[in-house]
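Undergrad: Going by this note's numbering, the letters in the sequence shown line up with residues 10 to 238, in that order.
For the record, the hints were derived by calculation from the structure and aren't laboratory data. For every residue, glycine included, the Cβ atom is placed at its ideal position computed from N, Cα and C. Among these hints, one or two may not hold up.
Unchecked claim - Using 16 Å as the maximum straight-line C-alpha spacing, the simulated EDC-like pairs for lysine to aspartate or glutamate come out as follows:
(1) Lys125 / Asp47
(2) Lys227 / Glu53
(3) Lys227 / Glu12
(4) Lys189 / Asp47
(5) Lys125 / Glu214
(6) Lys125 / Glu135
(7) Lys125 / Glu53
(8) Lys79 / Asp164
(9) Lys125 / Asp164
Unchecked claim - Pairwise CB distance ranges (calculated):
(10) Ala68 / Gly206: 34 to 40 Å
(11) Asp166 / Met190: 33 to 39 Å
(12) Ala233 / Glu144: 37 to 43 Å
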Amino acid sequence: MSETIRVDIWSDIACPWCYIGKHRFEAGIAAFAAQHPDVTFEIESHSYELAPDTPLDFAGSEVDFLVTHKGMPAAQVEQMLGQMTELAASEGITFDFGRVRHANTQRAHRVLHLAKAEGVQPEVQERLFRAYFAEGEDMSDPDALARLGAEAGLDADAVRAALESEELGEAVQHDITRAKMLGISGVPFFLLEQQYGVSGAQTAEAFTGVFEQVLELKQAAAAAEAAAQ
């Protein structure tokens, strides 16, 4: 009998751990699917803003933001970003912090909600991650978002309209409010079957193990329900 595992994921385009976590999560699914071809996943991504205090017109690098707005020593920031770049490379992901333009991601989240409605959210999310971390694209620039969205399957004019949509703005805020209600204080955060939380960019093997546990719990609950009838 086939099973479906529901996964809700909170993340931010400007979060390096979210990008790494996305790839590890997908690798975990691939490994799990090889052993359980009858299990499918229902996955939905949700908005979370790591730095909502970033001005919409902020013009500076990741180093600039962390040093001037967060008060971190420049040497510490450079070392941290260097280590993150090496870790990403080991996962097959390119980080180029020399090109990264730190940005408020509120507009990007509206685009992701549009992508969800159009059925291309995974593709758009991956494109925005790569654009931000490897290509120096500005995630607050309407023209850049329209172009990137079009590259991933959206209509450019629809993207521009989405940036002014009150409905999509409310959807973003709803995600953030729900995260607060769930006690989520950092991302990425994975919620399986509306019950089991996994925080952080776990390894692919860790994700596979969690899927195994959730599947066993679902099957045990189904068996108990059948026995009670």
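Undergrad: Hint by hint, note whether the structure agrees.
TA: To see whether the hints hold, each was checked on the structure:
Proposed proximity of Lys125 and Asp47 is contradicted: the alpha carbons are some 25 Å apart, above 16 Å. Straight-line distance between C-alpha atoms of Lys227 and Glu53 comes to about 19 Å, which puts the hinted pair past the 16 Å bound. The straight-line distance between the Cα atoms of Lys227 and Glu12 is roughly 9 Å, inside the 16 Å bound, and the hint therefore holds. Restraint check for Lys189 and Asp47: not satisfied, since their Cα atoms lie roughly 34 Å apart, outside the 16 Å limit.
At most 16 Å may separate the alpha-carbon atoms for a hinted pair to count; Lys125 and Glu214 exceed this at roughly 28 Å. Annotation: proposed proximity of Lys125 to Glu135 holds, straight-line Cα distance about 13 Å (limit 16 Å). Taking the CA atoms of Lys125 and Glu53, the gap is about 8 Å. The hint holds against a cut of 16 Å. Distance check on the hinted pair: Lys79 and Asp164 sit about 36 Å apart at the alpha-carbon level, beyond 16 Å; violated.
The hinted pair formed by Lys125 and Asp164 meets the criterion: a straight-line CA distance of about 13 Å does not exceed 16 Å. Look at Ala68 against Gly206: about 36 Å separates their beta carbons, and that is inside 34 to 40 Å. Judged by the Cβ atoms, the range 33 to 39 Å given for Asp166 and Met190 holds: they are separated by roughly 35 Å. Taking the beta carbon of each, Ala233 and Glu144 are about 51 Å apart, not inside 37 to 43 Å as hinted.
Hints 1, 2, 4, 5, 8, 12 from the list above are not met by this structure, while the remaining hints are.
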